Each structure stands twice: as C-alpha cells, then as structure tokens.
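Visitor: If you want the building blocks of each chain, they are given just below.
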Amino acid sequence: MSDTAQSEVQTGPVLAADGTPLKKSLGRALRLQKTRALMLIAPLLLFVLLSFIFPIGQMLWRSVENEMVSQTIPATVKELAKWDSAAEELPPEPAFEAMHFDLFLAAEAKAHTRLGSRLNYEQTGMSSLFRQAGRKIDDLGKDYQKEFAAVDPAWNDGAIWFELMRGEASAPRATAVSGEEARRVAVIIEKPIKAANAFAPSQEIATLLPLTARAYSDMANFMVFEDGDVVAGEKPWVSIYAALARDLESADVSGYSGPQADLLKAASGAEITPVVFKTAFAEMDEDWVDGETWRTIQTHARKVTPGYFLNAIDMQLTPDGAVSQPEDRQILITLFQRTLFMSLVIMGSCILLGYPIAWLLANLPMRQANLLLILVLLPFWTSLLVRTSAWKVLLQQQGVINDILVWLGMISDEGRLVMINNQFGTIVAMTHILLPFMILPTYSVMQTIPQTYLRAAKSLGATSWTAFWRVYFPQTIPGIGAGSILVFILAIGYYITPEIVGGTKGVFISNRIAYHISSSLNWGLAAALGTILLAVVLLLYWCYDKIVGIDNVKLG
Amino acid sequence: MAALTPIYRKPLSLVLPTVAASGAVVGLFFGTANGSGLLGIVIGAALVAALAFLYITLVKNERIAMYISLAVMVVLGVLFGGVPGIVLGLIFGWFFWWITFWLYEGRYRAKLLPYLTPGQVLWHYGFRVICGVIFFFLVAPLVPVMWLSFNAENFFTFTPEMLRFDPAGYSLKHYQDFFTNNEWQRSFKNSLIIAPIATIISVSLGTLAAIGLSQSHVPFRRAIMAILISPMIVPLIISATGMFFFYSQIGNWMEGTLGIDKNITGYIKVILAHAVLGIPFVIITVTATLVGFDRSLTRAAANMGANPVTAFFKVQMPLILPGVISGGLFAFITSFDEVVVVLFVGSAGQKTLPWQMFTGLREQISPTILAVATILVVFSIALLTTVEVLRRRSERLRGMSPS
Numbered sequence: 000m001s002d003t004a005q006s007e008v009q010t011g012p013v014l015a016a017d018g019t020p021l022k023k024s025l026g027r028a029l030r031l032q033k034t035r036a037l038m039l040i041a042p043l044l045l046f047v048l049l050s051f052i053f054p055i056g057q058m059l060w061r062s063v064e065n066e067m068v069s070q071t072i073p074a075t076v077k078e079l080a081k082w083d084s085a086a087e088e089l090p091p092e093p094a095f096e097a098m099h100f101d102l103f104l105a106a107e108a109k110a111h112t113r114l115g116s117r118l119n120y121e122q123t124g125m126s127s128l129f130r131q132a133g134r135k136i137d138d139l140g141k142d143y144q145k146e147f148a149a150v151d152p153a154w155n156d157g158a159i160w161f162e163l164m165r166g167e168a169s170a171p172r173a174t175a176v177s178g179e180e181a182r183r184v185a186v187i188i189e190k191p192i193k194a195a196n197a198f199a200p201s202q203e204i205a206t207l208l209p210l211t212a213r214a215y216s217d218m219a220n221f222m223v224f225e226d227g228d229v230v231a232g233e234k235p236w237v238s239i240y241a242a243l244a245r246d247l248e249s250a251d252v253s254g255y256s257g258p259q260a261d262l263l264k265a266a267s268g269a270e271i272t273p274v275v276f277k278t279a280f281a282e283m284d285e286d287w288v289d290g291e292t293w294r295t296i297q298t299h300a301r302k303v304t305p306g307y308f309l310n311a312i313d314m315q316l317t318p319d320g321a322v323s324q325p326e327d328r329q330i331l332i333t334l335f336q337r338t339l340f341m342s343l344v345i346m347g348s349c350i351l352l353g354y355p356i357a358w359l360l361a362n363l364p365m366r367q368a369n370l371l372l373i374l375v376l377l378p379f380w381t382s383l384l385v386r387t388s389a390w391k392v393l394l395q396q397q398g399v400i401n402d403i404l405v406w407l408g409m410i411s412d413e414g415r416l417v418m419i420n421n422q423f424g425t426i427v428a429m430t431h432i433l434l435p436f437m438i439l440p441t442y443s444v445m446q447t448i449p450q451t452y453l454r455a456a457k458s459l460g461a462t463s464w465t466a467f468w469r470v471y472f473p474q475t476i477p478g479i480g481a482g483s484i485l486v487f488i489l490a491i492g493y494y495i496t497p498e499i500v501g502g503t504k505g506v507f508i509s510n511r512i513a514y515h516i517s518s519s520l521n522w523g524l525a526a527a528l529g530t531i532l533l534a535v536v537l538l539l540y541w542c543y544d545k546i547v548g549i550d551n552v553k554l555g
Numbered sequence: 000m001a002a003l004t005p006i007y008r009k010p011l012s013l014v015l016p017t018v019a020a021s022g023a024v025v026g027l028f029f030g031t032a033n034g035s036g037l038l039g040i041v042i043g044a045a046l047v048a049a050l051a052f053l054y055i056t057l058v059k060n061e062r063i064a065m066y067i068s069l070a071v072m073v074v075l076g077v078l079f080g081g082v083p084g085i086v087l088g089l090i091f092g093w094f095f096w097w098i099t100f101w102l103y104e105g106r107y108r109a110k111l112l113p114y115l116t117p118g119q120v121l122w123h124y125g126f127r128v129i130c131g132v133i134f135f136f137l138v139a140p141l142v143p144v145m146w147l148s149f150n151a152e153n154f155f156t157f158t159p160e161m162l163r164f165d166p167a168g169y170s171l172k173h174y175q176d177f178f179t180n181n182e183w184q185r186s187f188k189n190s191l192i193i194a195p196i197a198t199i200i201s202v203s204l205g206t207l208a209a210i211g212l213s214q215s216h217v218p219f220r221r222a223i224m225a226i227l228i229s230p231m232i233v234p235l236i237i238s239a240t241g242m243f244f245f246y247s248q249i250g251n252w253m254e255g256t257l258g259i260d261k262n263i264t265g266y267i268k269v270i271l272a273h274a275v276l277g278i279p280f281v282i283i284t285v286t287a288t289l290v291g292f293d294r295s296l297t298r299a300a301a302n303m304g305a306n307p308v309t310a311f312f313k314v315q316m317p318l319i320l321p322g323v324i325s326g327g328l329f330a331f332i333t334s335f336d337e338v339v340v341v342l343f344v345g346s347a348g349q350k351t352l353p354w355q356m357f358t359g360l361r362e363q364i365s366p367t368i369l370a371v372a373t374i375l376v377v378f379s380i381a382l383l384t385t386v387e388v389l390r391r392r393s394e395r396l397r398g399m400s401p402s
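In order, the protein sequences belong to chains A and B.
The first sequence: position 143 = 142 (numbering that gives the first Met the number 0), numbered continuously.
The second sequence: position 298 = 297 (numbering that gives the first Met the number 0), numbered continuously.
Some hints here could point you the wrong way.
To be verified - Residues of chain B clear of chain A, computed beta-carbon distances all greater than 12 Å: (1) PRO10; (2) LEU57; (3) ARG108; (4) PHE157; (5) LEU171; (6) GLY205; (7) LEU257; (8) LYS261; (9) ASN262; (10) LYS268; (11) ALA305; (12) PRO317.
Claimed, not checked - Which residues of chain A face chain B? A few of them, derived with a C-beta cut under 8 Å, are: (13) THR381; (14) VAL385; (15) LEU393; (16) GLN397; (17) ASP402; (18) TRP406; (19) ALA525.
No lab work stands behind these hints: they were computed from the structure.
None of these values were measured; they are calculated from a predicted model.
We treat Cβ as the ideally placed atom computed from N, Cα and C, and that holds for glycine.
Generate the whole structure from the sequences, applying the supplied hints.
Guide: As structure tokens, then:
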C-alpha cells in the first residue's frame with residue numbers, strides 16, 4: 000500500500016467495501032450472526048423449556064398449591080373465613096348451610112372423596128367422614144321433599160320447578176347469580192361452561208328465594224353440562240327442597256305474581272319444619288359437631304399452603320400453627336438423613352475404589368490403558384437393570400456369594416448372610432453402578448499430570464508417600480471433586496436400584512416420592528419432597544459448575 | 000531404562016516362603032470346604048513349597064516342571080471336586096508353576112526401576128493386585144448373569160448339574176421364552192419403537208442447537224447451555240414427577256380435544272419425554288466435536304459458491320458425523336435403558352423392555368430376565384465398540400493422533 004492511500008484511510012472513518020462505515024457494517028454482521036445462532040438453538044430451547052422446564056416448574060407450584068378445598072366447597076370456605084375459631088367452639092349456622100349445598104354438589108360430581116382424601120393427609124378420619132357424608136347428605140333433603148309433596152304433589156314435577164325458577168321468558172335474568180354458579184360448576188365438573196349457555200333464574204325469584212335459586216342453578220348446569228339431560232324432564236335434586244324450606248322461613252311471597260305463584264304461596268302458608276343444618280350434620284356423624292373438624296378445614300382452605308413442605312420435614316400445619324408430627328409418623332427426616340448418609344458412603348467407596356484404578360490407567364502405557372479402560376466402560380454401557388439384576392443374583396440368600404461361602408464352609412447353610420434388601424445391598428450395588436462416573440473424570444485429570452513431578456519430588460529427597468501426598472494428590476483434587484459431585488448427584492436421586500435391592504431399610508427419598516405419586520396419591524407431598532431434593536441437587540450442580548464447568552462434562 | 004535392571008536368581012529363602020504362603024491361602028479355602036481350615040493351610044503350604052523345591056533343585060527345567068505341576072494339581076482337583084476340579088486344578092497348577100519361576104528367576108524385577116527397594120517392589124505388585132480385585136468387582140458381576148441365563152431350571156441359582164458342567168443342566172429355554180412370550184416380545188417391540196424415534200428427535204434438534212451454540216457470538220450462552228443440559232442433571236425421579244403431571248394433562252388434551260387414539264397418545268408422550276432426556280448427551284458430544292472443527296472449511300465452501308445448506312451437508316456434516324452418531328448412541332441407550340420416566344408417563348400399552356425387567360425383578364422372578372440381560376450385555380458391547388471406533392475416527396479426522 001502506498002503512503003498516500005494509507006493517509007487517506009487514516010483521516011476519514013474506516014469504510015467497508017460497500018461504502019458503509021466499517022463499524023456499522025461489522026455491527027450488522029454480528030447481529031446477523033447472533034440471530035442465526037439463536038434461530039438454530041430456538042427449536043430445541045423451546046422444546047426443552049416447554050416439555051422439561053415447564054413441567055418442573057409446574058411440579059414446584061404443585062408443592063404449595065392447595066386450591067382443591069376452596070374449589071370444591073367455595074361457599075363454606077367463604078363462611079368459615081368469618082368464623083373466629085378461637086372464640087367460638089363451632090362455626091355459625093350459615094357455615095353448616097353452605098357446607099350442605101357445597102357437599103351436595105360435590106357428592107353429585109363425586110368430588111367429595113377427593114376432598115376427603117386431601118384433608119385426610121392433615122387429619123385422619125376426614126376421608127371416611129366425607130365419604131359417609133356423601134352417602135347421607137340426601138337424608139335432610141328427602142324429608143323436605145316429602146313435606147312439600149304432602150302440600151302439593153306438583154312439587155315433584157321437574158317441569159313445574161323449571162317454570163317457577165326461570166320465570167316468564169321475558170322476565171329480567173339474575174345474571175350475577177347465573178355467572179357465579181356457572182363458574183363454580185365448571186370448576187367442579189372440570190369442563191368449560193359459557194356464561195351465555197348457563198341457566199339463569201329470573202331476577203325476581205333470585206331475590207325472593209336466593210338459596211333456592213343458587214342451588215337450582217347449580218343443579219341445572221350440572222344436569223345439562225355433565226349429564227347432558229333436559230332439566231325440566233328430571234326430578235329435582237332433594238337439596239333444592241331444603242333450600243326452599245330455608246328460603247320460605249323468611250321470604251314474603253305474597254307479592255309474587257310470576258309462574259306457579261299459587262303453588263309457592265300454598266307452600267309458604269303450609270306448616271314446614273324449620274331447617275337446622277347443624278342438627279342434620281350432627282345426625283350424619285358427631286365429628287361434624289366437633290370443632291376440630293372445622294378448624295382443620297378452615298386451616299387448609301388457603302389457596303397457597305406451606306403444609307406440604309411442613310409435611311416433608313415431618314411437621315404439620317395445624318390450626319395452632321406448625322407443629323411436629325406424632326412420633327410414629329416421623330419418617331421423612333430420617334429418610335432424608337439416610338439418603339444423604341448412604342449417598343456419602345457410596346461416594347466415599349467410589350473414591351476408594353476409583354482412585355487406584357484411575358491412577359493405574361493414567362500411568363500405564365496408552366495401549367494397555369485403553370484395554371483396561373474397556374473393562375471400566377463395559378459396565379458403564381451395560382443396562383442399569385442388567386447390573387441391578389446381577390447384584391440380585393449375587394447377593395440374595397440363595398445367591399452366588401452365599402453359595403460360595405457355604406461351600407467353603409465359612410458360614411453354615413442356616414446362617415446364610417442377609418446381604419440384600421438392606422442398606423448393604425444398596426450401597427454395594429450402587430457403588431458398582433456409579434464407579435465409572437468416578438473413574439472417568441479422575442482419570443482424565445490424572446492424564447494431564449506429568450509423571451516427572453513425582454520423580455522430581457523423590458530426587459529432592461521426598462519419600463514415596465510424601466511425594467504422593469504433597470505433590471501428586473493435590474493435583475488430582477479437581478478430578479476427585481468432579482467425580483464425587485457427579486456420583487453424589489446421581490446417587491441422591493436414584494430410584495431403580497434401591498427399589499429392587501433396598502428392601503425397606505435401604506430405600507432412598509426418591510422411592511418415597513414414587514410411592515406418593517403412584518400409591519398414596521398425595522401428589523402435593525411428592526412435589527414438596529421433589530422440590531427439596533431438586534434444591535439440594537441444584538446446589539451441588541452449582542458447585543460442580545464452579546469446580547469443573549458445565550462445558551467440561553465429558554462422556555466416555 | 001527398565002531393560003538395564005539386572006536380573007539374577009533369588010535365593011530359596013525368598014522363593015519358598017512366598018510360594019508356601021500362596022499355597023497356604025489356596026489351602027485355606029479348600030481346607031474349610033473339606034472340614035478343617037488349619038489342616039488345609041498346612042498341607043497347602045507344605046505341598047506347594049515341596050513342589051517348588053523339587054522344580055528348582057531336581058528338575059531344573061521349566062517345561063517339565065510345568066507338566067508336573069499341572070498333573071499334580073489336576074489329580075488333586077479330580078479327587079476333591081470332579082469335573083470342575085479339573086478346571087481349578089489346571090488354573091492352580093499353572094499358577095503355582097508360574098509364580099515359582101517368576102520369583103526364582105527374579106523376573107518380577109525385569110520391568111521395574113533398578114533402584115527400587117524390596118518394599119517398593121512389594122507395593123508395586125500389591126497395588127496391581129488391589130487394582131485387579133477392583134476390576135474383578137467391576138466386571139465379574141456380569142458373569143453369573145450370563146452363565147445362569149443358560150440354566151435348565153427356573154431358578155436364579157446354580158444347580159449342581161451346572162457346576163458339574165453337565166449338559167443336562169443347561170438349556171436355551173429362557174431365550175426361547177423371550178422370543179416366544181407375547182409379553183416380552185411386545186415390550187421389546189415397544190422399546191424398538193420408542194427409542195429410535197426419540198433418538199431421531201433429540202439428534203436432529205440437538206445437532207442444530209449444538210451448531211448454533213458453537214458459533215462465536217451467542218448471547219446468554221451459559222444460561223442456554225445450563226437449560227439444555229438440565230435434563231441430565233435433574234434426578235430422574237424429579238423429571239418423572241414433573242412429566243407425570245404435565246403429560247397427563249397433555250394426554251387428556253390430545254385425546255379430548257384432538258381426538259387422537261389413546262394408544263398413540265401414550266407413545267407420543269413417552270417419545271417426547273425420552274427425547275428430552277437424550278438431548279444433553281447429543282449437545283455435549285456434538286459441541287465437543289465442533290470445538291475441533293475448522294471453521295475456514297465452511298468459509299471455503301461458501302467462497303466456492305455453496306449456500307449454507309449445501310455447505311452444511313457436504314462439508315460440515317461428514318466431518319462432525321462421528322460425534323453426531325455417538326451422541327445419538329448415547330441418546331438411544333438413555334431411552335432404551337430408561338425405566339423411571341416411562342413408568343410414570345406411559346401406560347401398560349407402552350411397556351418397554353426395561354419396564355418389563357423391572358416388574359419382573361420386583362415381582363415374579365423369572366430367569367428370562369437373565370436371558371434378556373445377556374442379550375443386552377452383548378448389545379452394549381456392540382454399542383461400546385461402535386462408539387470407540389467412532390471416537391478414534393473422529394480424532395483422526397480432526398488431525399489428532401489416534402491413541
């Protein structure tokens with residue numbers, strides 16, 4: 000380049016070939032490059048976010064989520080909020096009334112058993128209490144059905160009821176009541192209901208007979224959207240009669256002129272037994288007039304609860320705050336401790352067994368080391384279940400090891416060792432399974448340490464032990480650290496092997512999670528246990544990242 | 000330098016006690032098996048020491064000594080244990096002969112540095128023995144599994160016939176059971192459906208993303224990497240729990256709203272779940288391969304008029320293919336070997352081979368599991384070989400020296 004050209008370039012801004020300033024042009028190219036890279040990553044990132052991160056997040060949410068109570072018995076929860084459980088022994092009558100209608104609808108939708116099992120986690124006996132209530136909740140309504148039918152048999156006719164509740168076709172609708180009830184039925188039957196399609200009682204009836212209008216709307220929506228029936232063609236639910244009886248106690252129907260006005264007036268004038276919901280519940284089961292039952296419901300009506308987490312650490316949420324579980328139910332802390340302890344033992348034995356192997360592999364000539372490496376990789380590549388079944392074959396009481404010991408006469412035939420279905424079995428099998436995860440990172444670190452360091456130390460007068468301990472060993476610590484954390488992370492969340500060889504004494508917290516998912520169906524507790532485990536693992540993962548870096552994870 | 004170590008014959012005072020000690024150890028086992036351990040130790044030590052003395056002072060010929068040693072031990076083996084005794088006799092006969100001359104001729108020093116003290120030599124070989132025991136611990140558990148899979152009885156334990164190497168004690172009936180039993184065949188088929196499709200999904204998406212990640216300017220690279228690797232880090236039981244809730248909703252939605260058949264929904268759920276689990280392995284192996292990839296090659300291709308797609312398939316892909324395939328194999332084995340997630344997400348229609356083995360191990364114990372296990376071990380040896388070959392090929396392609 001000539002001198003003149005150079006001075007030209009130096010004076011003005013640097014230009015790219017197409018005349019734009021180089022800075023701008025480079026910036027554009029960089030942006031393009033970034034966008035292209037992101038476009039390549041985007042599909043996978045979205046896939047992982049949606050089908051992995053999101054489900055995990057959902058699980059975290061489920062560990063505190065507690066909407067079931069307030070969704071199944073919303074009116075009761077509202078009434079109970081007004082109840083001062085410290086001052087009064089029992090909630091006031093409106094709460095019993097609300098519970099009656101909530102429970103009736105829930106029983107129709109068969110949601111009351113779910114609620115019962117949910118509350119049973121907190122107080123035993125709740126499950127049977129709710130199941131029994133589902134069977135007996137009709138009793139009260141049936142009495143009133145008979146009473147109204149005695150006044151006029153027309154009360155048994157669904158079509159007449161429909162006419163009464165809907166009012167004139169042109170009458171103004173009670174849209175607020177309609178929308179509210181449509182929403183709560185939709186939640187219970189888990190199907191969407193459009194507000195426009197929902198049943199709407201007439202405004203007049205809704206003000207005159209508020210309870211009946213609500214109960215009837217619930218019934219109508221349930222029949223149409225869940226059962227697919229025509230409301231006018233069905234016999235009304237018995238709870239409607241109880242509602243009507245309660246409404247008529249205070250309503251003045253003399254001014255009513257809509258459809259079926261005579262029928263209603265006749266009923267209003269007749270002698271109808273006053274409704275006391277509290278008595279009705281007391282007849283179902285005396286636990287319903289026990290303040291403890293109601294306090295439990297009140298305590299667990301919150302939409303977000305720390306209850307599952309408290310359960311996960313052997314505590315429970317009671318009306319008086321968080322307290323320890325009774326002694327016989329305290330197992331989870333022990334299980335967490337055992338999981339940590341056994342993972343540490345497994346990690347320790349992996350270090351003990353893995354270190355010599357890694358040292359040998361790193362110090363042998365390449366060809367021999369590769370051959371021996373195959374012996375490490377073979378179990379690594381073999382199916383987990385194959386290795387687990389191998390240990391079952393070896394360790395069981397009629398297994399290979401016991402057979403050999405008996406044959407050698409070291410133990411008698413009756414005195415066969417119990418090596419499976421306990422902690423020993425789990426530790427041995429898992430050490431075997433996780434050993435390659437210790438050997439491989441340690442080996443890769445040791446490969447980078449020159450042999451000459453040891454010789455130099457020795458030539459300076461160190462004994463073999465000093466040379467190893469002061470010179471070689473400190474350099475291998477990153478490898479041991481990486482391997483240990485890897486083994487520990489894997490061990491702490493193991494499920495399959497403890498399940499098969501662990502019996503009852505050798506299982507981990509993950510087995511408990513699986514139990515709550517598939518057997519006890521206490522998903523909230525499973526989610527809370529999972530969240531705690533996840534937190535521990537992420538903490539360790541963070542350490543791993545600090546020590547090794549995620550990018551440096553190597554396979555095989 | 001090792002060759003410089005002088006080798007000379009060792010005195011009998013070193014050879015005989017050492018050899019006697021090894022004889023005593025073996026004698027202890029046979030002694031306890033036949034009644035008296037102490038007697039076994041004494042006889043074993045005396046016998047082996049006497050034989051060694053005989054070889055060294057009288058026979059003086061290694062080959063003849065070997066025949067004597069083998070003959071004596073085989074005769075002893077037949078006397079005590081019948082047919083298996085012959086095998087043990089051959090092994091021990093060879094071993095005692097070898098260790099006698101190895102010590103006597105001083106061969107154990109041949110490959111060591113000349114200045115090592117006897118203690119260091121002892122430690123050197125002691126260390127090898129320890130490592131041998133650990134390798135034994137690693138590999139040996141698989142042997143009884145394979146052996147027992149040929150059992151003629153429906154037991155998990157060795158029968159006397161098997162130990163006598165009696166052909167009547169062996170059969171292929173468990174293999175036959177695996178290939179004819181509907182339950183096993185269905186689960187095998189399910190595994191063969193689920194694993195390859197999941198692998199294809201994770202490999203195709205994973206390779207694309209790995210190429211994106213290996214560009215020089217990627218915003219939020221660490222965060223993205225952490226998210227993509229997370230399925231490998233999060234314990235399976237937690238992933239399974241999360242997916243259990245998620246996929247039951249997805250399944251309901253697909254069945255209810257889209258009207259897809261229940262069985263197909265089940266497969267889709269399991270395949271998607273497994274694809275996510277395989278992704279970290281693909282990402283890790285492919286990014287590792289891309290580190291060594293020479294970017295100027297794609298630039299050269301672009302220079303010669305190739306559009307990015309052509310450049311990718313004609314230039315980049317063939318070079319990173321080994322990494323892609325070994326990532327794919329990892330993803331495949333992850334899905335093929337996975338129990339927890341399929342147990343939670345799938346239904347009975349999607350029962351895979353590991354699931355079937357898992358229930359088999361937990362409930363009814365049938366040796367068919369061992370036959371399947373043996374087949375899987377053979378399968379994993381094949382996979383291991385493939386990955387190893389690919390790794391070497393990849394290193395060669397990247398211009399590193401093959402190890």
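Visitor: The structure should be examined with respect to each hint, and the outcome stated for every one.
Guide: Against the structure, the hints:
For PRO10 of chain B, the requirement that its beta carbon stay farther than 12 Å from each beta carbon of chain A is met, with the minimum near 26 Å. Every beta carbon of chain A lies more than 12 Å from that of LEU57 of chain B, the smallest distance being close to 34 Å; the non-interface claim holds. Every Cβ of chain A is farther than 12 Å from the Cβ of ARG108 of chain B; the closest lies at roughly 17 Å, confirming the non-interface assignment. With a cut of 12 Å on Cβ distances, PHE157 of chain B falls inside the contact zone with chain A, its closest approach being about 6 Å.
Distance to chain A confirms LEU171 of chain B as a non-interface residue, since its nearest Cβ pair spans about 19 Å, more than 12 Å. The non-interface label for GLY205 of chain B is inconsistent with chain A: the shortest C-beta to C-beta separation is roughly 6 Å, within 12 Å. Distance to chain A confirms LEU257 of chain B as a non-interface residue, since its nearest Cβ pair spans about 16 Å, more than 12 Å. For LYS261 of chain B, the non-interface assignment is confirmed: its Cβ lies about 18 Å from the closest Cβ of chain A, beyond the 12 Å cut-off.
At the 12 Å boundary, the C-beta of ASN262 of chain B stays outside the reach of chain A, the nearest C-beta of that chain being 20 Å off. The non-interface label for LYS268 of chain B is inconsistent with chain A: the shortest C-beta to C-beta separation is roughly 10 Å, within 12 Å. Consistency note on ALA305 of chain B: stated as away from chain A, and its beta-carbon is indeed over 12 Å from all of that chain's, at 16 Å minimum. Look at PRO317 of chain B: its CB is around 19 Å from the nearest CB on chain A, clear of 12 Å, so calling it non-interface holds up.
Against a cut-off of 8 Å between C-beta atoms, the interface hint on THR381 of chain A holds, since the closest Cβ of chain B lies about 5 Å away. A least Cβ separation of about 4 Å between VAL385 of chain A and chain B falls short of the 8 Å threshold, and the interface hint therefore holds. Among the interface hints, the one on LEU393 of chain A holds; its C-beta lies about 6 Å from the nearest C-beta in chain B, closer than the 8 Å criterion. Against a cut-off of 8 Å between C-beta atoms, the interface hint on GLN397 of chain A holds, since the closest Cβ of chain B lies about 5 Å away.
Against a cut-off of 8 Å between C-beta atoms, the interface hint on ASP402 of chain A holds, since the closest Cβ of chain B lies about 6 Å away. About 6 Å separates the beta-carbon of TRP406 of chain A from the nearest beta-carbon of chain B, less than 8 Å, and the hint is met. A hinted interface residue such as ALA525 of chain A counts as satisfied when its beta carbon comes closer than 8 Å to some beta carbon of chain B; here the least separation is about 6 Å, so the hint holds.
Violated hints, listed in ascending order, are 4, 6, 10; each of the other numbered hints is respected by the structure.
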